[in-house]
Amino acid sequence: MYRYDEFDHDLVRERVAEFSDQVARRLSGELTEDQFKPLRLMNGVYLQLHAYMLRIAVPYGTLSSRQMRKLAHIARTYDRDYGHFTTRQNLQFHWAKLEEVPKILAELAEVEMHCIQTSGNCIRNISADHFAGASADEVIDPRPYAEILRQWSSLHPEFSLLPRKFKLALIGAPNDRAAIQVHDIGLEVKRNEAGELGFAVWVGGGQGRTPMIAKKVRDFLPEADLIAYMEAILRIYNQQGRRDNKFKARIKILVHEMGEAEMKAAIEKEFAAIDETNMVLPRDAVERIERYFAPPPFDTRFNGAPAFERARETDRDFASFVERNVHPHKMRGYAIATVSLKPIGGTPGDMTSAQMDAVAEIAEQYSFDEVRVSHEQNLVLPHVKLEDLPAVYAHLRGAQLATANYGLVTDIIACPGLDYCSLANARSIPIAQRLSERFADPARQRDIGDLKIKISGCINACGHHHVGHIGILGVDRKGEEFYQITLGGSGDETCSIGEIVGKGFSSAGVIDAVETIVDTYLRVRQSADENFLAAYRRVGEAPFQEALYAHAA
Amino acid sequence: MSAKSQNSDLPLVATANDLRTGAVVYRSPGGAWQRDIAHAEIAEGKDAAADLQQRAEADLAVRVADLALIPIIRDGAFVRPAALREIIRATGPTIELPPSSQLRL
Amino acid sequence: MPIFKGHGFTPDHWALAPDDAPLSGGRAVVSKVRFLAERDALTARNAPLGLILRSGESLDGLEDDLDRFQLIVLEIPKYTDGRAYSTARLLRERYKYTGELRASGDVLRDQIMFLHRVGFDSFEVTHEGTIAALRDGKIKLVRNHYQAAAREGEESAPGRRPWLRVSPRGVPGDALDMGIDGGGI
Numbered sequence: 001m002y003r004y005d006e007f008d009h010d011l012v013r014e015r016v017a018e019f020s021d022q023v024a025r026r027l028s029g030e031l032t033e034d035q036f037k038p039l040r041l042m043n044g045v046y047l048q049l050h051a052y053m054l055r056i057a058v059p060y061g062t063l064s065s066r067q068m069r070k071l072a073h074i075a076r077t078y079d080r081d082y083g084h085f086t087t088r089q090n091l092q093f094h095w096a097k098l099e100e101v102p103k104i105l106a107e108l109a110e111v112e113m114h115c116i117q118t119s120g121n122c123i124r125n126i127s128a129d130h131f132a133g134a135s136a137d138e139v140i141d142p143r144p145y146a147e148i149l150r151q152w153s154s155l156h157p158e159f160s161l162l163p164r165k166f167k168l169a170l171i172g173a174p175n176d177r178a179a180i181q182v183h184d185i186g187l188e189v190k191r192n193e194a195g196e197l198g199f200a201v202w203v204g205g206g207q208g209r210t211p212m213i214a215k216k217v218r219d220f221l222p223e224a225d226l227i228a229y230m231e232a233i234l235r236i237y238n239q240q241g242r243r244d245n246k247f248k249a250r251i252k253i254l255v256h257e258m259g260e261a262e263m264k265a266a267i268e269k270e271f272a273a274i275d276e277t278n279m280v281l282p283r284d285a286v287e288r289i290e291r292y293f294a295p296p297p298f299d300t301r302f303n304g305a306p307a308f309e310r311a312r313e314t315d316r317d318f319a320s321f322v323e324r325n326v327h328p329h330k331m332r333g334y335a336i337a338t339v340s341l342k343p344i345g346g347t348p349g350d351m352t353s354a355q356m357d358a359v360a361e362i363a364e365q366y367s368f369d370e371v372r373v374s375h376e377q378n379l380v381l382p383h384v385k386l387e388d389l390p391a392v393y394a395h396l397r398g399a400q401l402a403t404a405n406y407g408l409v410t411d412i413i414a415c416p417g418l419d420y421c422s423l424a425n426a427r428s429i430p431i432a433q434r435l436s437e438r439f440a441d442p443a444r445q446r447d448i449g450d451l452k453i454k455i456s457g458c459i460n461a462c463g464h465h466h467v468g469h470i471g472i473l474g475v476d477r478k479g480e481e482f483y484q485i486t487l488g489g490s491g492d493e494t495c496s497i498g499e500i501v502g503k504g505f506s507s508a509g510v511i512d513a514v515e516t517i518v519d520t521y522l523r524v525r526q527s528a529d530e531n532f533l534a535a536y537r538r539v540g541e542a543p544f545q546e547a548l549y550a551h552a553a
Numbered sequence: 001m002s003a004k005s006q007n008s009d010l011p012l013v014a015t016a017n018d019l020r021t022g023a024v025v026y027r028s029p030g031g032a033w034q035r036d037i038a039h040a041e042i043a044e045g046k047d048a049a050a051d052l053q054q055r056a057e058a059d060l061a062v063r064v065a066d067l068a069l070i071p072i073i074r075d076g077a078f079v080r081p082a083a084l085r086e087i088i089r090a091t092g093p094t095i096e097l098p099p100s101s102q103l104r105l
Numbered sequence: 001m002p003i004f005k006g007h008g009f010t011p012d013h014w015a016l017a018p019d020d021a022p023l024s025g026g027r028a029v030v031s032k033v034r035f036l037a038e039r040d041a042l043t044a045r046n047a048p049l050g051l052i053l054r055s056g057e058s059l060d061g062l063e064d065d066l067d068r069f070q071l072i073v074l075e076i077p078k079y080t081d082g083r084a085y086s087t088a089r090l091l092r093e094r095y096k097y098t099g100e101l102r103a104s105g106d107v108l109r110d111q112i113m114f115l116h117r118v119g120f121d122s123f124e125v126t127h128e129g130t131i132a133a134l135r136d137g138k139i140k141l142v143r144n145h146y147q148a149a150a151r152e153g154e155e156s157a158p159g160r161r162p163w164l165r166v167s168p169r170g171v172p173g174d175a176l177d178m179g180i181d182g183g184g185i
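Protein chains in written order, with my numbering: chain U, 1 to 553; chain D, 1 to 105; chain S, 1 to 185.
In case anyone wonders, no lab produced these hints; they're calculated from the structure. There may be inaccurate statements among the hints.
Claimed, not checked - Taking lysine-lysine pairs in the DSSO-like style, the calculated list, with each CA pair at most 27 Å apart, reads:
id, chain 1, residue 1, chain 2, residue 2
1, S, Lys-140, U, Lys-165
2, U, Lys-103, S, Lys-140
3, U, Lys-165, S, Lys-78
4, S, Lys-78, S, Lys-32
5, S, Lys-78, U, Lys-248
6, S, Lys-78, U, Lys-246
7, S, Lys-140, U, Lys-97
8, U, Lys-503, U, Lys-248
9, U, Lys-215, U, Lys-269
10, U, Lys-37, S, Lys-140
11, U, Lys-103, S, Lys-138
12, U, Lys-97, U, Lys-37
13, S, Lys-96, U, Lys-269
14, U, Lys-216, U, Lys-264
15, U, Lys-37, S, Lys-78
16, U, Lys-478, D, Lys-46
17, U, Lys-97, S, Lys-138
18, U, Lys-37, S, Lys-138
19, U, Lys-269, S, Lys-32
Only chain U is shown next, with the shape it has when bound in the complex (with noise of 0.2 Å):
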């Protein structure tokens, strides 16, 4: 992992100083609301329903054993005992008081962690593919390029009041686990014919009122250019963007009105005049990055793993652990886990004080210490024994984290939604429990299969059902909730967008017509090994509009 040397601890300490002199003004009305608001967005500080909401960043989601549990202190301090995990791979605290905000900046800087850019216009939280340095597929690891990013990001002088939010997703394998054609910029790192480090460069895709796919903009840019490719795409959107109407201000739009083609040509034009004499990447200094990020001393004399299998064997809720939960690791003898934060009837994404703790303990006796957050609300222990396993998996047990249902149908995606959120026009989490409680039955899951649910309370789309297999959308009709849905979004490397597959349904209403639709799934599929995403793209929406409305017309 990253650590901090005098220089990072200095300037985030400079930062909790200035940011505790801005909520001093506030408090004493020397700064109006109006003026602290994007002040306070600029470090992570949202007014919502019943408190204020801190979001902590998690740099491209990872964290070590010993921010976990100061992450579970603050939890057990300042907020009510417990934290939810986001999309965004950070952490949100609902609870949070202003005038306790920086002490918990402060406790936060002692672990190497702040909320610096986790709101407001400016270049948010870098994002990465949460299995990077651990999965078999991995080509090249993401993180010291997050990491050089969101160094470069930080207080940036230039890009701190854009149009609008502005994020950065990497991955550094075939498989998209960060959903990056779906971010403002998605970097996938690769070596060009040449063997030569380098980047395809994807931009202006997103989600929200408008859902768009990112147009790729360079199928290979040399590492030494990252930053000052990156100033040329910003630049272009600060200065261009549209800053009239904040429902069209997001580079998508930019892009959309000026073609691929244009924008293509201006960024290289923009690029191209760019003094690199600063800008420039220079590979030692890569390397020194690379060296927090190299592989943990992993016990390489593999001879098998005898109670990983008799556990197997012989436990049938482990062996479903293993079969949903573990994924390949690049070194021999190792696996990743996933920490379900969905366990059946749940919160999706949250996490009590207790059990940041025990995750933490875990992380540090079995994981090297690390932990990742998912975009997808869930935690990974990335660099687990196989042999260790079935202790992992027992103290999970323990901890109330062992769900083993990663990928399934009750792994469902949930923004906060009305519950907690003040741009929320419908409650997302308590359609997440209910369909959770509806699909609980373990068996049902399985023969499922992969199924990927998202929801969203407004169309911000945190809860990304555009690209959820089945997406579900809260909106506001006439005072009462009511829920779109979308069939056949993706967010992987082969992205698409959810098509809306006809009228609303009520609170009431929605979990039927999701089990209809999951019924048809099953009928129209060719075999237990077309999952419902191959199976919707084979026979398009006709089945399920048939199903879902045929008795209503």
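Chain U is fixed; fit chains D and S onto it per the hints.
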């Protein structure tokens, strides 16, 4: 929001969030901002609403943030907000919170 | 309105010339429209010339004339409008503009460091709190930076990572050393 226009003839109360803590508060007839909607000043009619709005706005400098006048429904001796959003603000999330969360209420 | 420049407030010696009024003999700040329309006459004048760019106006068409201006004013109509920050950096870094660069408008004290780093060296501020903070030197600033900007040469580079920069100390009320005194006055 549509809920508001639908309920435009209903009486109103002033609600906001406490500036320091963020807690949901309602303005009482005496000018205090307190947690219980039952103790809120109720404005009936346009003039009373404008007057309440004006007095409440004076508190935006250092006492509260995110001020709104919200329609309410009188239910016998009880008062409840008309819109779901405001019901949730008045009574908390509609989902179960972890048992330990009550410790910090 | 007084201008903050260097280490304190000074009177403004410049006058903004309305587009439809004839220029008096002295120093004058003109709009982009007027400059482009009356370029030859304006550059032939024997008095210092300034330029004001309204929010959203680019440098297009002005590239070859920038060294004729002793002052360039970039308007910031609202503190959330970041366009002038890009224009400032382009002026300093790409076009090597060395005259006074003034931010005019709704500026919060929290933005002074960003404005400084992108190349502004004078401020015509409307916000009372910002004016007081500048006068009293009460601005809390982050001095460590993760990226090079328009202050190369002034800022030190600690060297551990090539992109690190540190702003100099020794400033009004331990606030901000505006460094260069700008041209024009």
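The hints, checked one at a time:
The straight-line distance between the Cα atoms of Lys-140/S and Lys-165/U is roughly 25 Å, inside the 27 Å bound, and the hint therefore holds. About 17 Å separates the Cα atoms of Lys-103/U and Lys-140/S, which keeps this hinted pair within 27 Å; it holds. Distance hint between Lys-165/U and Lys-78/S is fulfilled; the C-alpha atoms sit about 17 Å from each other, no more than 27 Å. A C-alpha spacing of about 20 Å is found between Lys-78/S and Lys-32/S, which places the hinted pair at or below 27 Å, so the restraint holds.
In summary, the hint linking Lys-78/S to Lys-248/U is supported, as the alpha carbons are separated by about 19 Å, within the 27 Å threshold. Taking the CA atoms of Lys-78/S and Lys-246/U, the gap is about 15 Å. The hint holds against a cut of 27 Å. With a C-alpha separation of about 23 Å, the suggested pairing of Lys-140/S with Lys-97/U holds against the 27 Å cut-off. This hinted pair checks out: Lys-503/U and Lys-248/U have alpha carbons roughly 25 Å apart, not beyond 27 Å.
Simply put, Lys-215/U and Lys-269/U have alpha-carbon atoms about 17 Å apart, close enough for the 27 Å limit, and the pair holds. Between Lys-37/U and Lys-140/S the CA atoms are separated by roughly 18 Å; this keeps the pair inside 27 Å, and the hint holds. As the CA atoms of Lys-103/U and Lys-138/S are separated by approximately 21 Å, the hinted pair is consistent with the 27 Å bound. Taking the CA atoms of Lys-97/U and Lys-37/U, the gap is near 15 Å; set against the 27 Å cutoff, the hint holds.
With a C-alpha separation of about 19 Å, the suggested pair Lys-96/S and Lys-269/U falls inside the 27 Å cut-off, and the hint holds. Proximity of Lys-216/U to Lys-264/U is assessed by CA-CA distance (about 9 Å); at most 27 Å being required, the pair is judged to hold. For the given pair, Lys-37/U sits about 14 Å from Lys-78/S by alpha-carbon distance, which is consistent with the 27 Å threshold. Proposed proximity of Lys-478/U and Lys-46/D is supported: the alpha carbons are some 23 Å apart, at most 27 Å.
A C-alpha spacing of about 26 Å is found between Lys-97/U and Lys-138/S, which places the hinted pair at or below 27 Å, so the restraint holds. With a CA separation close to 21 Å, the supplied pair Lys-37/U and Lys-138/S stays within the 27 Å bound. Proximity of Lys-269/U to Lys-32/S is assessed by CA-CA distance (about 24 Å); at most 27 Å being required, the pair is judged to hold.
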